[in-house]
Amino acid sequence: MKNIVILISGGGSNMRAIVETAEREGWAKQFDARIAAVVSNRPESAGLAAAREMGLHTELLDHRAFAKEPEPRVAFDAALAEVIDRHAPALVVLAGFMRILTPGFVRHYAGRMVNIHPSLLPAFTGLDTHRRAIAAGCRVAGATVHLVTEELDHGPILDQAVVPVLPGDTPEQLSARVLAQEHRMYPRAIAALLRVQR
35 MKNIVILISG
45 GGSNMRAIVE
55 TAEREGWAKQ
65 FDARIAAVVS
75 NRPESAGLAA
85 AREMGLHTEL
95 LDHRAFAKEP
105 EPRVAFDAAL
115 AEVIDRHAPA
125 LVVLAGFMRI
135 LTPGFVRHYA
145 GRMVNIHPSL
155 LPAFTGLDTH
165 RRAIAAGCRV
175 AGATVHLVTE
185 ELDHGPILDQ
195 AVVPVLPGDT
205 PEQLSARVLA
215 QEHRMYPRAI
225 AALLRVQR
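According to the working numbering, the sequence shown holds residues 35 to 232 in order.
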């Protein structure tokens, strides 16, 4: 069985879309794959509660508990890798996981870790993507699924979705339209990876 571990920090809407698609499309039978765990770095994450309600195994590893370590980010990532590796993941899926990962962590999951970013990469890496796209006068925006590499918001592109930027759009309005496309695209990209792994 191919285990998928999903990492979240917030509401978990992409996580929910992936789980619902996996159930609807029968990933267990089709790809011999299952969602093995949902892990969050924030105890207040609404997505963690939602995952529990969906009957998924959940784990919490609060990054703030590592603040006094000599290298907090390295210590947290090492502990996170231990949590993930207990599930022997075929794929690690970042679904709104708001942490910049250390190079060693990224190398550990090279070729097995995917992310979704709310822009048409390579444009607008980092934060505030929708505000920046509107300010730049873009006529289209969107989202990108990519393999995670050591360079932030880079790595081979697996899928993209494009949405129009409408006259008078606010960042919130654009974000909502992009998110609706993310919910379709991210499960599709993961299924494509699982298909290749068969």
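I should point out that these hints are in silico values taken from the structure, not numbers from a laboratory.
Think of the CB as a built atom: it goes at the ideal place given N, C-alpha and C, for glycine as much as any other residue.
Careful, some of the hints might be misleading.
Stated by the list, open to error - Ranges of calculated distance between the beta carbons of each label pair, as one might list FRET restraints: (1) Met132 x Ala226: 21 to 29 Å; (2) Glu57 x Pro104: 40 to 48 Å; (3) Glu59 x Thr204: 29 to 37 Å; (4) Ala226 x Arg165: 38 to 46 Å.
Any hints this thing doesn't respect? Which numbers, in order?
4
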